[in-house]
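> What follows is each chain in one-letter form.
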Amino acid sequence: KAGVTQTPRYLIKTRGQQVTLSCSPISGHRSVSWYQQTPGQGLQFLFEYFSETQRNKGNFPGRFSGRQFSNSRSEMNVSTLELGDSALYLCASSRGWDTQYFGPGTRLTVL
Amino acid sequence: KNEVEQSPQNLTAQEGEFITINCSYSVGISALHWLQQHPGGGIVSLFMLSSGKKKHGRLIATINIQEKHSSLHITASHPRDSAVYICAVGGSQGNLIFGKGTKLSVKP
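As they're listed, the protein sequences go chains A and V.
In this text, residue positions in the first sequence follow this note's numbering: the first is 411, and each later residue adds one.
In this text, residue positions in the second sequence follow this note's numbering: the first is 170, and each later residue adds one.
Chain A on its own, in the form it takes in the complex (with noise of 0.2 Å):
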C-alpha cells in the first residue's frame, strides 16, 4: 500500500506570494491533517479534513486554508505569505479515529 506523498517537497517563495501544497492520503483514508513544524513552536496543528469537510481547526490566522477532495486528496493554501511562514508543512492521514500516517512534508521558505 503507497504510503502518504505530499508535492512538493521543496518550495522557495518571496514575501506576500501565495503558495499551495498537495497530499494525497493512503487509499481508503478518508481523513486528512495538515500540521506546521518550526524550530521555535515545534509542531502545530493546522486542521483537519474528512470526507471533505474541515471537521476540526487549529488556531491559525485565516491567511491558511485548505480543502479536501472527494478522492480524499488535499490542498493546502497559504496566502500573502510572511517570513514567519518557513516551516515544513506536513499532512497525516487516517481513517478518521486511530494511528495517523504521516506524509513526507513539504519544506517551505519565505525570503
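If you are wondering where the hints come from, they were derived from the structure by calculation, not from laboratory data.
Quick caveat, the model's predicted, so the values are computed rather than measured.
Treat each hint with caution, since some may be false.
As the list claims (entries may be wrong) - Here are the simulated lysine to aspartate or glutamate pairs, EDC-like style, with alpha carbons at most 20 Å apart:
(1) K423/A x D508/A
(2) K423/A x D495/A
(3) K467/A x E172/V
(4) K269/V x D495/A
(5) K269/V x E174/V
(6) K223/V x E462/A
(7) K222/V x D495/A
(8) K269/V x E172/V
(9) K224/V x D495/A
Starting from the structure of chain A, add chain V where the hints point.
Leaving out everything else, chain V in the frame of chain A:
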C-alpha cells in the same frame, strides 16, 4: 505552562541501555500518541493509546490517565533509535497538541 511537557529534552545513551522518556499533560484527552522523527523530517507514529500499555518490538508505551502521564521505554537501545521522540495528545476539539520532543542519541 505548556499543555504537554516532555522530559528530558535531550538524552544520550550507550548502546544497550534501557531508555525512558516521559510525557505529562494538563488537558483532557481522547488518546495519546508517541511519534518518532528522524533527521530529514519524516515522522512515524509509534503508538496511539488511551489506557494501559502497548508493546511493539523493543518499544513499550504506558499511560496513567489519573496521573495524566505517559512513558515511552526503549529496551536494548541501538544507534538506529537515535531520533526525536514526540508526545502528542488528542485534545477535546479533535486536534493534536504536541510536546517539544526529546532528542535521543544512542552511541555505539
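> Compare the structure with each hint and give your call.
Evaluation of the provided hints:
1. K423/A x D508/A: Violated, at about 35 Å.
2. K423/A x D495/A: holds (10 Å)
3. K467/A x E172/V: Holds - the C-alpha atoms of E172/V and K467/A are around 17 Å apart, at most 20 Å.
4. K269/V x D495/A: It holds: about 19 Å lies between the C-alpha atoms, which stays within 20 Å.
5. K269/V x E174/V: Holds, because 7 Å separates the two Cα atoms, which is no more than 20 Å.
6. K223/V x E462/A: violated (33 Å)
7. K222/V x D495/A: Violated: K222/V and D495/A sit about 38 Å apart, past 20 Å.
8. K269/V x E172/V: holds (11 Å)
9. K224/V x D495/A: violated (38 Å)
Violated hints for the displayed structure, listed by number in ascending order: 1, 6, 7 and 9.
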